[in-house]
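Letter by letter, the chains look like this.
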Amino acid sequence: MADTKIIVNCETGEVTELELTADEVAQRAKDAADYAKAKADEDKAAADKATAKAALLAKLGITADEAALLA
Amino acid sequence: MANTYVKIGSTVTVGLAGAATIDFTSIPATYTDLVVKLSTRDTAVTANTGAAKVTFNGTVTSYTNRYLTGSGSAAATGSAGTTFIDAGLGSLMPTTGNTASTFSNIEIYIPNYAGSTNKSLSVDAVGENNATAAYAGFNAGLLSNTAAVASISITSTTLFSQYSTATLYGILKN
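Chains as they are written, first to last, in this note's numbering: chain F, 1 to 71; chain W, 72 to 245.
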């Protein structure tokens, strides 16, 4: 079954349901791929930062709570 | 009660087959602000991965996201996405992988939508899940485009599940 969109015309109140066009399907796929990559990059950056922080704390021999006291 | 919070058009309730996108078109410029209320669930398989991608006037560039979320045990920030505003806050809306029959509760507030400045919006959202991780958060979004908002599209990750609803309201500040 093709993906559909529900359209509400706010002037008339009419609600219609249509199949997505080829362009809309392509844009939807592109958006999903772009977003997945951006999210993965962001998640990796956050994980890398957490790993570096844990390594530094271990090197200093202090806990995260103790490090917070230095801020 | 003052006539300041007016439903525009009709409430959408998604049917059995699901829906990829919900569009509100021909939005009149007669209000001060707009509010979209969503109660949505996505057919994606993995839990807490549903997005509600918001775009204005068919524009798919020049968006900025800044969101803050909490899972119940950890907090996170994010800014991913330039082709839409994610009202699902990093795709945390309930999905098929979440507890059955749970839905998000999302409000999207769009101030000065008919003005001639860039279009900002704020999102506050919670998911629902009878499990350890259940998400809540906020998103501050911007579309760097000055055109008045005449249409709003809200797109799912996979499909909005049956019984998902969307309602658009106009706010008048007298």
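Hints were generated in silico from the structure; no laboratory data involved.
We put the CB at the ideal spot given by N, CA and C, even for glycine.
It is possible that some hints are incorrect.
[To be verified] Below 30 Å or equal to it, Euclidean Cα-Cα: the simulated DSBU-like pairs (lysine-lysine) are:
1. F:K30 x F:K53
2. F:K39 x W:K108
3. W:K78 x F:K53
4. F:K39 x F:K49
5. W:K108 x W:K78
6. F:K37 x F:K53
7. F:K59 x F:K49
8. F:K5 x F:K39
9. F:K30 x F:K5
10. W:K108 x F:K37
11. F:K59 x F:K44
12. F:K44 x F:K30
13. W:K244 x F:K30
14. W:K244 x W:K78
15. W:K78 x F:K44
[What the hints assert, rightly or not] What the simulated footprint calls covered on chain W by chain F, stretch by stretch (three residues with Cβ under 8 Å from a Cβ of chain F suffice, anywhere in the stretch; the number is not a length):
16. 107–118
17. 164–174
18. 178–185
19. 188–195
20. 225–238
Against the structure, the hints come out as follows:
1. F:K30 x F:K53: Measuring from Cα to Cα gives roughly 35 Å; hence the hint is violated.
2. F:K39 x W:K108: Between F:K39 and W:K108 the Cα gap is close to 25 Å, so the pair holds against 30 Å.
3. W:K78 x F:K53: Answer violated: W:K78 to F:K53 is near 50 Å, above 30 Å.
4. F:K39 x F:K49: holds, 15 Å
5. W:K108 x W:K78: Holds, at roughly 10 Å.
6. F:K37 x F:K53: holds, 24 Å
7. F:K59 x F:K49: holds, 15 Å
8. F:K5 x F:K39: holds, 25 Å
9. F:K30 x F:K5: Status holds; Cα separation ~17 Å.
10. W:K108 x F:K37: Measuring from Cα to Cα gives roughly 28 Å; hence the hint holds.
11. F:K59 x F:K44: holds, 22 Å
12. F:K44 x F:K30: holds, 21 Å
13. W:K244 x F:K30: violated, 39 Å
14. W:K244 x W:K78: holds, 15 Å
15. W:K78 x F:K44: violated, 42 Å
16. 107–118: Coverage by chain F is violated here, the residue count being 0 at a Cβ distance below 8 Å.
17. 164–174: violated (count 0)
18. 178–185: violated (count 0)
19. 188–195: Coverage by chain F is violated for the region 188–195 of chain W (0 residues, Cβ < 8 Å).
20. 225–238: That given contact holds, which follows from 3 residues of the region 225–238 of chain W lying within Cβ reach (below 8 Å) of chain F.
Checked against the numbered hints given earlier, this structure breaks hints 1, 3, 13, 15, 16, 17, 18 and 19; the rest are met.
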